[in-house]
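Chemist: Going by our numbering, the first residue of the sequence shown is number 59, and it counts up by one from there.
Hint data in this document are derived by calculation from the structure and do not stem from the laboratory. All values derive from a computational prediction rather than experimental measurement. Glycine included, C-beta positions come from ideal geometry on N, C-alpha and C. No false leads were slipped in.
Pairwise CB distance ranges, derived in the manner of DEER restraints:
#, residue 1, residue 2, range
1, Gly99, Pro386, 37 to 43 Å
2, Leu398, Leu324, 21 to 27 Å
3, Gly94, Asp405, 35 to 41 Å
Below 30 Å or equal to it, Euclidean Cα-Cα: the simulated DSS-like pairs (lysine-lysine) are:
#, residue 1, residue 2
4, Lys71, Lys98
5, Lys335, Lys419
6, Lys402, Lys419
7, Lys419, Lys248
8, Lys128, Lys71
9, Lys98, Lys335
10, Lys402, Lys297
11, Lys335, Lys297
12, Lys402, Lys335
13, Lys299, Lys402
14, Lys419, Lys98
15, Lys335, Lys299
16, Lys335, Lys71
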Amino acid sequence: MLGHFYTDICAVKGWPRLLSNMPKALQPAGLRRLLGRVPKGVPNGQITAFTQFGWEYQRRYATALSPAGKTQTNLWAGRRFCELVLANGFEHTDAVYTFNSAGLELLIAARERGLRAVMEQTIAPMEIETALLEDEYQRFSDWEAPPTADTARPEFIARERAEWAQADLILCGSEFVRMSIAAAGGPVEKCCVVPYGVNAPSSAPPRKRHERPLRVLTVGGVGLRKGSPYVQQAAAALKDKAVFRMVGNVGVTPSARALLESTLELTGVVPRAEMQKHFAWADVFLLPSLCEGSATVVYEAMAAGLAVICTPNTGSVVRDGVDGYIVPIRDTDAITQAVLALAKAPDLLAAMSANARERAKDYNLLRYQERLVAALNGPLAPSPLKGGPWVSPAS
Numbered sequence: 059m060l061g062h063f064y065t066d067i068c069a070v071k072g073w074p075r076l077l078s079n080m081p082k083a084l085q086p087a088g089l090r091r092l093l094g095r096v097p098k099g100v101p102n103g104q105i106t107a108f109t110q111f112g113w114e115y116q117r118r119y120a121t122a123l124s125p126a127g128k129t130q131t132n133l134w135a136g137r138r139f140c141e142l143v144l145a146n147g148f149e150h151t152d153a154v155y156t157f158n159s160a161g162l163e164l165l166i167a168a169r170e171r172g173l174r175a176v177m178e179q180t181i182a183p184m185e186i187e188t189a190l191l192e193d194e195y196q197r198f199s200d201w202e203a204p205p206t207a208d209t210a211r212p213e214f215i216a217r218e219r220a221e222w223a224q225a226d227l228i229l230c231g232s233e234f235v236r237m238s239i240a241a242a243g244g245p246v247e248k249c250c251v252v253p254y255g256v257n258a259p260s261s262a263p264p265r266k267r268h269e270r271p272l273r274v275l276t277v278g279g280v281g282l283r284k285g286s287p288y289v290q291q292a293a294a295a296l297k298d299k300a301v302f303r304m305v306g307n308v309g310v311t312p313s314a315r316a317l318l319e320s321t322l323e324l325t326g327v328v329p330r331a332e333m334q335k336h337f338a339w340a341d342v343f344l345l346p347s348l349c350e351g352s353a354t355v356v357y358e359a360m361a362a363g364l365a366v367i368c369t370p371n372t373g374s375v376v377r378d379g380v381d382g383y384i385v386p387i388r389d390t391d392a393i394t395q396a397v398l399a400l401a402k403a404p405d406l407l408a409a410m411s412a413n414a415r416e417r418a419k420d421y422n423l424l425r426y427q428e429r430l431v432a433a434l435n436g437p438l439a440p441s442p443l444k445g446g447p448w449v450s451p452a453s
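Take these sequences, add in the hints, and give me the full structure.
Modeler: Written as structure tokens, this is what we have:
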């Protein structure tokens, strides 16, 4: 079905492909992350990477000094990316497939040309995210800048709404995303839920319980949206019964970081290729997010055989009491009780770990392919799709 794939930076196009010859021992972490951006199975001739744009996008985002500056950078990147794709044209195309905030101009152009317009909402709409986080900034005002500091959010929200209006089909990674679009007054009748998938590591051994404190892993950006304060509170409450590790970019104030470091381990960002060693370290995966799409890292944790504790807003495929526990958002006590239940019952932990690994088999890339193709050619599809440019900006 793929006509062409547009992206910003990947390791097989432009100057990044020349860096793959550098010995791995000499590669800094940032380069290893770049070299991991490989569209596997897609012929090079079907890939266009706007490398200079991608580099400028990363530079602007890294130097943005305020929440509004970062949102404005994302808005600029979405518009500029569309300009670059449109300059290449839509030859031999039946449809376009875009991602939220990065496809409005492409969707408009597609409809003008009589092409099918498909978009994916990768996370709950910004309007819903903002509403969910407002209370967090009141509870934890010393963790991050308040949402009122982001004066560009209304423009971002308007862009998402405009994309919904132009799309023929809106793909959602979870029911949480679909219901969030409905809560924002969006066209829920255009939405189709398609859970994601990841391939399990082929060499992952069965998990064994050791006579040591339970190891709890959290992966993702450290901040209010991911529920990081509740991880810290649980770690403080369980300091004699469990140890906690957080992997991901630390986006909180120095005082909040110091509080986290007093109760758990912060690793910072690690290359994707090195994530398996962190999954291997852990006994349990914890992600108490307030707002997600369908967090890919939960699929990865399940495929690695980890029991999962997460919230409904994580958009996961975890079954409560089977593969782990679904806990309410903002509920440290529920997190603590779930961790304690697994720490006290090795057999329960082993059963949930095995269930999670088995569950993940239904959410591998092959099954995702089947679900995605079925959605693209499903009841909302006027006719089977043959090909089109699939576009993916950095996230």
